[in-house]
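These protein sequence lines map, in sequence, to chains V and R. Per the numbering used here, the first sequence starts with residue 1, numbered consecutively. Per the numbering used here, the second sequence starts with residue 1, numbered consecutively.
Any given hint might turn out to be false.
[As the list claims (entries may be wrong)] Not the full set, but computed from the structure, chain R residues with beta-carbon under 10 angstroms of chain V: (1) Asn40; (2) Ile57; (3) Leu64.
[Stated by the list, open to error] Restraint-style ranges between C-beta atoms, simulated for each label pair: (4) V:Leu86 with R:Glu24: 35 to 41 angstroms; (5) V:Gln23 with R:Gln3: 48 to 54 angstroms; (6) R:Glu24 with V:His29: 36 to 42 angstroms; (7) R:Ser23 with V:Leu95: 50 to 56 angstroms.
[Unchecked claim] The calculated EDC-like cross-link candidates involving lysine to aspartate or glutamate, where the alpha carbons are at most 20 angstroms apart (straight line), are: (8) V:Lys109 with R:Glu25; (9) V:Lys122 with V:Glu5; (10) V:Lys109 with R:Asp50; (11) R:Lys60 with V:Glu110.
These aren't lab readings, by the way, just hints derived from the structure by calculation. C-beta: ideal position from N, C-alpha, C; glycine also.
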Amino acid sequence: MTFPEIIAQLPYGKPFLFVDTLQEISDDHIVGSYTFKKDEYFYKGHFTGRPVTPGVILTECMAQIGVVCLGIRLIDGLSAQSKIALVSSEVDFQLPVLPGETVWVHSEKEYFRFGKLKCKVKMLNENDELICRGTISGMLKK
Amino acid sequence: MTQDEIYDQLRNIIKIYLPEDVSEENITPESHLVKELNINSSHLVDIVLDVEDAFDIEIKDTELEAMDTVSSAVEIIQNKINQ
């Protein structure tokens, strides 16, 4: 599958799609990026008067690129009946992400068995500094 | 390997993945892993992967569904070991 084909398969839409482009993919890893627009809806309240990207959104961005996009490749596309779910995440945060910043997500597959995809994922900023890293798992139910 | 030995080893694997509100004493041969021990689908996969390593066997996707209770899991493991 091509990068645009994978992104077109993502079951997310605005304002909850956090994947712009993919740069690398294999059966074992993926690299993709997203630019947090200055007018993302959550900046209105996180925090009031001092916009910072919420950690849950960074986790979501890592899951969408690092687990869901990789998973779509591994199963060669989601079917209409496929249901996906986040089942586990453990993430440590190092740096904040401000409005307008671009982040790169690097993910490595630990395993994909019985419909569960477990990955080691990290997020880097434009200066190649570590924003956050952790382990995220998702499950596919047919 | 006897059925009891398999059961003991399986019990040790299962207890790692029990939710906080389920204690080790709740594990019996009749226990249903999902409905009674409240193990979610994600941890069920973790248990099966640990079982594969511990007993040096391979469980197929289709066999996962049959591992619903502790005793049915023991039976499947024993059949695999004897293959």
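We went through each hint and held it up to the structure:
{"no.": "1", "hint": "Asn40", "result": "7 angstroms, holds"}
{"no.": "2", "hint": "Ile57", "result": "14 angstroms, violated"}
{"no.": "3", "hint": "Leu64", "result": "5 angstroms, holds"}
{"no.": "4", "hint": "V:Leu86 with R:Glu24: 35 to 41 angstroms", "result": "28 angstroms, violated"}
{"no.": "5", "hint": "V:Gln23 with R:Gln3: 48 to 54 angstroms", "result": "52 angstroms, holds"}
{"no.": "6", "hint": "R:Glu24 with V:His29: 36 to 42 angstroms", "result": "38 angstroms, holds"}
{"no.": "7", "hint": "R:Ser23 with V:Leu95: 50 to 56 angstroms", "result": "41 angstroms, violated"}
{"no.": "8", "hint": "V:Lys109 with R:Glu25", "result": "35 angstroms, violated"}
{"no.": "9", "hint": "V:Lys122 with V:Glu5", "result": "23 angstroms, violated"}
{"no.": "10", "hint": "V:Lys109 with R:Asp50", "result": "18 angstroms, holds"}
{"no.": "11", "hint": "R:Lys60 with V:Glu110", "result": "18 angstroms, holds"}
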